[in-house]
Amino acid sequence: MKLKKKKKPLQYITNDDRLSYRYKGNTLYLSGNLKLVESGLLARNVLKKLSALKPSALFLNLDQLEDIDSSGVMALYFVKGKLAEKGTHVEIEGGSEIIREKLELFGYENVEKVSVPPRRNYLEQLGGHVHHFFSSYVYGFLVLAANVFYWSFADLFRRKTRREGEVVNQAVLIGVNAVLIVLFMSFVIGLVLAMHSSGQLQVFGANIFIVDLTVLAVMSQMGPLITAILVAGRSGSAIAAEIATMKVTAELDALKTMGLDPIRFVVVPKLYAALITMPFLIIVANVFGIFGGGLAGYIYLDITPEVFINRMGEVMQNKDLLTGFVKSQVYASIIVLTGSFYGFRVERGAEGVGKVTTIAVVVSISLVILADSILGLIFY
Amino acid sequence: MEPQKVVEVKGLTASFDEKEILKDVSFSAKKGEVTVILGGSGSGKTTVLRHLLGLIPLTQGHIEVLGKDISNLTEDEQLSLYLQLGVFYQNGALLNSLTVGENVGLPLNQHSKIPKPLVEEIVTMKLGLVNLEYAYHMFPSQLSGGMLKRAALARAIAMDPPLLFCDEPGAGLDPISLESLDNLILNLKNLLGMSVLMVTHEVSSIMRVADHIVYLDEGKVVFEGTVENAMKSDEPSVKAFFSVFRNQQK
Numbered sequence: 001m002k003l004k005k006k007k008k009p010l011q012y013i014t015n016d017d018r019l020s021y022r023y024k025g026n027t028l029y030l031s032g033n034l035k036l037v038e039s040g041l042l043a044r045n046v047l048k049k050l051s052a053l054k055p056s057a058l059f060l061n062l063d064q065l066e067d068i069d070s071s072g073v074m075a076l077y078f079v080k081g082k083l084a085e086k087g088t089h090v091e092i093e094g095g096s097e098i099i100r101e102k103l104e105l106f107g108y109e110n111v112e113k114v115s116v117p118p119r120r121n122y123l124e125q126l127g128g129h130v131h132h133f134f135s136s137y138v139y140g141f142l143v144l145a146a147n148v149f150y151w152s153f154a155d156l157f158r159r160k161t162r163r164e165g166e167v168v169n170q171a172v173l174i175g176v177n178a179v180l181i182v183l184f185m186s187f188v189i190g191l192v193l194a195m196h197s198s199g200q201l202q203v204f205g206a207n208i209f210i211v212d213l214t215v216l217a218v219m220s221q222m223g224p225l226i227t228a229i230l231v232a233g234r235s236g237s238a239i240a241a242e243i244a245t246m247k248v249t250a251e252l253d254a255l256k257t258m259g260l261d262p263i264r265f266v267v268v269p270k271l272y273a274a275l276i277t278m279p280f281l282i283i284v285a286n287v288f289g290i291f292g293g294g295l296a297g298y299i300y301l302d303i304t305p306e307v308f309i310n311r312m313g314e315v316m317q318n319k320d321l322l323t324g325f326v327k328s329q330v331y332a333s334i335i336v337l338t339g340s341f342y343g344f345r346v347e348r349g350a351e352g353v354g355k356v357t358t359i360a361v362v363v364s365i366s367l368v369i370l371a372d373s374i375l376g377l378i379f380y
Numbered sequence: 001m002e003p004q005k006v007v008e009v010k011g012l013t014a015s016f017d018e019k020e021i022l023k024d025v026s027f028s029a030k031k032g033e034v035t036v037i038l039g040g041s042g043s044g045k046t047t048v049l050r051h052l053l054g055l056i057p058l059t060q061g062h063i064e065v066l067g068k069d070i071s072n073l074t075e076d077e078q079l080s081l082y083l084q085l086g087v088f089y090q091n092g093a094l095l096n097s098l099t100v101g102e103n104v105g106l107p108l109n110q111h112s113k114i115p116k117p118l119v120e121e122i123v124t125m126k127l128g129l130v131n132l133e134y135a136y137h138m139f140p141s142q143l144s145g146g147m148l149k150r151a152a153l154a155r156a157i158a159m160d161p162p163l164l165f166c167d168e169p170g171a172g173l174d175p176i177s178l179e180s181l182d183n184l185i186l187n188l189k190n191l192l193g194m195s196v197l198m199v200t201h202e203v204s205s206i207m208r209v210a211d212h213i214v215y216l217d218e219g220k221v222v223f224e225g226t227v228e229n230a231m232k233s234d235e236p237s238v239k240a241f242f243s244v245f246r247n248q249q250k
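Chain order of the listed sequences is U and X. According to this note's numbering, the stretch in the first sequence is residues 1 to 380, in order. According to this note's numbering, the stretch in the second sequence is residues 1 to 250, in order.
Extracted from the complex, chain U is given alone in its bound form (with noise of 0.2 angstroms):
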């Protein structure tokens, strides 16, 4: 529907420095160029000075513009609504004949907005969230577990199913390379632990109760923790990354193809590597913690290295060395299968797989904590 033009009295507003207009009757001349950076004085200064005459209507004349954009195109459509809002008709009228191509091109006026979906109520959220962890995470943790340690076994005595040397690359990878760092954080604990505990046992007379506390403390509790929040950050982070990227770069789904299971061809072998090196390490961490806590001993106690060994064959039980077995089993479980788990929920390309590597290494350390509190008790 065309407007009938009103004659009003001349009203003027005044140029601004990159965009001209004035402002005659009903209608708004637009003069100069109309680009990306006089769209946002037209959509902010122009609007506001149009807003506060509050036209019943208005003409939107193009004659004297020489030139517009994409985003001018879309400035005079966005002053047009917000106009219309008001309860003003606006029409856009005149223009070159490629002024008027442009705005059919980019002239989306109707175009609908896309609207964010609502946002579900607190109560629903944390329904939802609950149902999520349980549904998702504790559900699908479980799932892999089975399929992991079920293809572990299955797979123990058919090495066809597996790459060649990967179980030992992967030994190196999560067991030797970790030595030098797991051996040097024993020994500073152990040296720590005993330091502290030595001013208390020498007020008591009690110094030789600083073997004990050394030898119980570091193989039921510190050796294997130790080992195993290193060997999560280390390793699992690294478990969690691989396979994340692996997944982004669809290498997961070409081993699908292929006819090769990721689980077999890619978790079991670091699985058998964790198992098989997690022992050793907390071995290593054990004998240097105690090293640590016997050199502490000697300099603050005067404990000698041969009162030390003989207090150390008492307080030592066959138990101890079974608990920390069975701990390192559960925990290069749990490294792994964390690790791989989140590896294997990556979304969103190289983000993700920098978003689960962090969540992995945390919550198999997290795991490992919760899992060493209730070792702890059964083995008590």
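Just to be clear, a hint being listed does not mean it is correct.
[What the hints assert, rightly or not] Here are the simulated lysine to aspartate or glutamate pairs, DMTMM-like style, with alpha carbons at most 25 angstroms apart:
1) X/Lys30 <-> U/Glu101
2) X/Lys23 <-> X/Glu64
3) U/Lys49 <-> X/Glu120
[To be verified] Across the chosen pairs, the derived CB separations fall in these ranges:
4) U/Gly81 <-> X/Gln84: 26 to 34 angstroms
5) X/Ser144 <-> U/Glu124: 28 to 36 angstroms
6) X/Thr13 <-> U/Val188: 53 to 61 angstroms
7) X/Ser144 <-> U/Arg120: 22 to 30 angstroms
8) U/Thr257 <-> X/Met231: 38 to 46 angstroms
[Claimed, not checked] Only part of the chain X face toward chain U is listed, based on derived beta-carbon distances under 7 angstroms:
9) Asn96
10) Ser97
11) Leu98
12) Ile114
13) Pro115
14) Leu118
15) Glu121
16) Ser141
17) Asp160
18) Leu192
Note that these hints are calculated values from the structure, not bench results. For glycine and all other residues, C-beta sits at the position ideal for the given N, C-alpha and C.
Starting from the known structure of chain U, fit chain X onto it as the hints suggest.
Just chain X now, with coordinates in the frame of chain U:
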């Protein structure tokens, strides 16, 4: 009057690991034209494009983009040049942490003072141009390969740049999407006077949009001219390329 040159390359030579990838490459692209860089795999097309964008430092030769010598730009000049370029990467290169709408609106929000509601409308319009309005709130990981490409084009033209670089825009697109993409490029060229420099293998696309062809073979320019002349060229690699197209037509 001869149209202004938007890109001028003279004597560009580049080596990687002692292997010469580009050998004395010289060509130019004119304002308001679609220039297509053609050539077989490994002929150095993408390396030329990366040099033009300043992503690979220039070691030998001279490159001017929109009249500016890219080897002597200050940081501010480089930024100002980048603001006048639209780049459409082969794999889309959308930021995965942002929605499609946020990706397209990113340059507008960062480099203009346009109010946010208008930016949203511009983004919707740009996505509409590539038939992707519905993907406004979706993340790149939720899009197919073809959709990613279209979203990437919407981002490349967000600022209506005077010069648009496209790296293999048609690869992976179905013929209908490819034709509509070509039509969009033609519209941008005709209505906004946008100059386009494109690396592509799609012969149908070349026939539709190209004004000027630069053919690279083993790092050297073996042909430069119009599509008509390219089809008549006696240069063996160019002849072989277009004979494949003629055979397809038969």
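Which of the stated hints cannot be reconciled with the structure, identified by number in ascending sequence? The structure breaks only hint 11.
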